[in-house]
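Chemist: Chains as they are written, first to last, in the numbering used here: chain B, 1 to 335; chain W, 1001 to 1335.
I should point out that these hints are in silico values taken from the structure, not numbers from a laboratory.
Think of the CB as a built atom: it goes at the ideal place given N, C-alpha and C, for glycine as much as any other residue.
Some hints here could point you the wrong way.
[Said to hold, decoys possible] Sample of chain W residues facing chain B (criterion: CB under 7 Å; computed from the structure): (1) Arg1044; (2) Leu1077; (3) Pro1090; (4) Thr1091; (5) Thr1124; (6) Pro1126; (7) Leu1274.
2 protein chains.
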Amino acid sequence: VTRFVLVAGTTATARIDGISAAGADPELLAHTPSADAELIEYGRLVRAPVAPVSPTGCPTPAAVTRAVRERVGFETLVVDGGLAEPTGAPTVDVGAKPGRDVREPDPVPTAPGAWVAARELGETLPDDELVIGETIPGGTTTALGVRRALGVDEPGDGSVPVSSSLPENPIDLKRTVIDEALAASGLAPGDAAYRPERAVRLVGDPALAVVAGLAVGALRSETEVVLGGGTWMLAVAALVRHAGVAAPLTVATTTYVAADADVAAAATALDCDLVVTDPGFAGRDDPLARYAAGEAKEGAGMGGALHLATRAGAAADVPDETLEVVERVSDAYGP
Amino acid sequence: VTRFVLVAGTTATARIDGISAAGADPELLAHTPSADAELIEYGRLVRAPVAPVSPTGCPTPAAVTRAVRERVGFETLVVDGGLAEPTGAPTVDVGAKPGRDVREPDPVPTAPGAWVAARELGETLPDDELVIGETIPGGTTTALGVRRALGVDEPGDGSVPVSSSLPENPIDLKRTVIDEALAASGLAPGDAAYRPERAVRLVGDPALAVVAGLAVGALRSETEVVLGGGTWMLAVAALVRHAGVAAPLTVATTTYVAADADVAAAATALDCDLVVTDPGFAGRDDPLARYAAGEAKEGAGMGGALHLATRAGAAADVPDETLEVVERVSDAYGP
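Please put together the full structure from these sequences, using the hints given.
Modeler: In structure tokens form, the structure reads like this:
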């Protein structure tokens, strides 16, 4: 049996101007993970005030994951990776609390405890395979922080694969933020190598601790693990490897991420299998066209869900099913 | 679409000697709701230390509900109705906290808030039908308290339908406890009529508030509601009626409860449809025989799940499927 696990959390890092597009405006950013969880669980919103859209109207990738779930059918589980707003989706608590701005000295004090609790959960879940997704605005920045702290970010030419939910990746801003974050925690790049909980605690976000812990626990009990996501999930893969776990690990992402960052080289360096799926949104004249224009790219396990759709022979149905989910949510809660 | 909702909670009332059989010993009672939730969600235990069994080895009715879920397939949702121990099942939080002993003056201060939050949840859930079950050791006693506070317990001959998880129903003990509870809260029987939140707060338990709130919210949004349980669910029906909701309401229970208490008369008095299902455990020589001997009788939505099994034409498969679930859990966690 395959279970899709969504880890939903928040970090104040997302509030830094220009970092994230995961919400129509900054006030709504903190609701995005709660809304994504509801959308995947119920196919509509329950407690969250608005459906997550980017400032330009790009629908949340959670709509893709939900569409695949409706088409293919899989068990879901939402783990609280530091939610800041209520969600109507049922969640498992592993002790993660919202992350503070990474430029503070100790932004994620709950990381080590959440890692351990998530590892135990991953170890005891009865499934054959976990496909894990994430929803945490600002995550590509904290993922960069973790990779730099572990020292896995500069292979050869010093290029760092960092994707973005924005068409124009604010990579210089992210680098500046992480430089400040490392300095605030007294870390030089690579200082947290083989100390993954420390990397997450000092320059990461709570969802990274939860996903890494879940993956380590699942792999220990011989459950297969697919990390559904882009550069953020590569940071998780790095955390897993730096925790001393060498078991096979798959990263499943979208063509949009693969076009934006050299994820293949990064996956190879971390001894991960990489699966890249095209959701088939090109040439549409509906809100999904925003994806083809380079927005969102990934999130809420979209790449993992697309992998499941492909495996079930249902990939061709995903675009229309996704539009149906998007329209259902928009109808109910206004344009 | 039908969703099965389990409301899982605790009350210190269960610790009164002789009140409940929902755990092998008093220390384990508080783990029973957490374990039941895991069993229904995953088909095995995740965080809970032991599978719930009565002191004589009767397996938890949650095994029946899980068996039906594996056979028929339905969405599930666990709502935290005041859990005292961790669960690995994902839960929705409506603000319910563990109930104190009903003999204290204000044992469930979270009841009014949880009622409102549960009502909003019930109103927004997207389903056509909710089948609601409960797991709260000591619940038949707190349910008696609520019925007496509402004044719905003495029709004609003054008989009170109160079932029990024990073969010999400690009805005199329950009456004594509730007499003390009413006195401690300064209530005479019937004093809380048409004030259902007050009845739950002063002499009930947190799960009663959550199930009643969910039912009221769901009925308001024209979702059908089936209360899967015995005399505890009749107390919920009374709360719903005393909240001024006259919509159709079904109570689905087992033949064991129907043999133990006059639920038909009580259901009629509350204008509820009653569905009684025989799980088919008679004449077995395995742990399920404890049911035929009069133990457990109901719980964890067993009657509601059996109703779903019957509707799907799968009732005949339930006994063997249940035994399989019971054996799976016992194998993993010792005899």
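Chemist: Confirm or reject each hint.
Modeler: For each hint, the structure was consulted:
Taking 7 Å as the C-beta contact cut-off toward chain B, the hint placing W/Arg1044 at the interface holds, the least distance being around 5 Å. Look at W/Leu1077: its Cβ gets to within about 6 Å of chain B, closer than 7 Å, so that hint holds up. Given hint, W/Pro1090 at the interface with chain B, holds; its Cβ is 4 Å from that chain's nearest Cβ, closer than 7 Å. For W/Thr1091, the interface hint holds, the least distance from its beta-carbon to any beta-carbon of chain B being 5 Å, beneath 7 Å.
For W/Thr1124, the suggested interface contact is upheld, since its CB lies about 5 Å from the closest CB of chain B, less than 7 Å. Interface hint at W/Pro1126: satisfied, since its Cβ lies 5 Å from the closest Cβ of chain B, which is below the 7 Å cut-off. Given hint, W/Leu1274 at the interface with chain B, is violated; its Cβ is 30 Å from that chain's nearest Cβ, farther than 7 Å.
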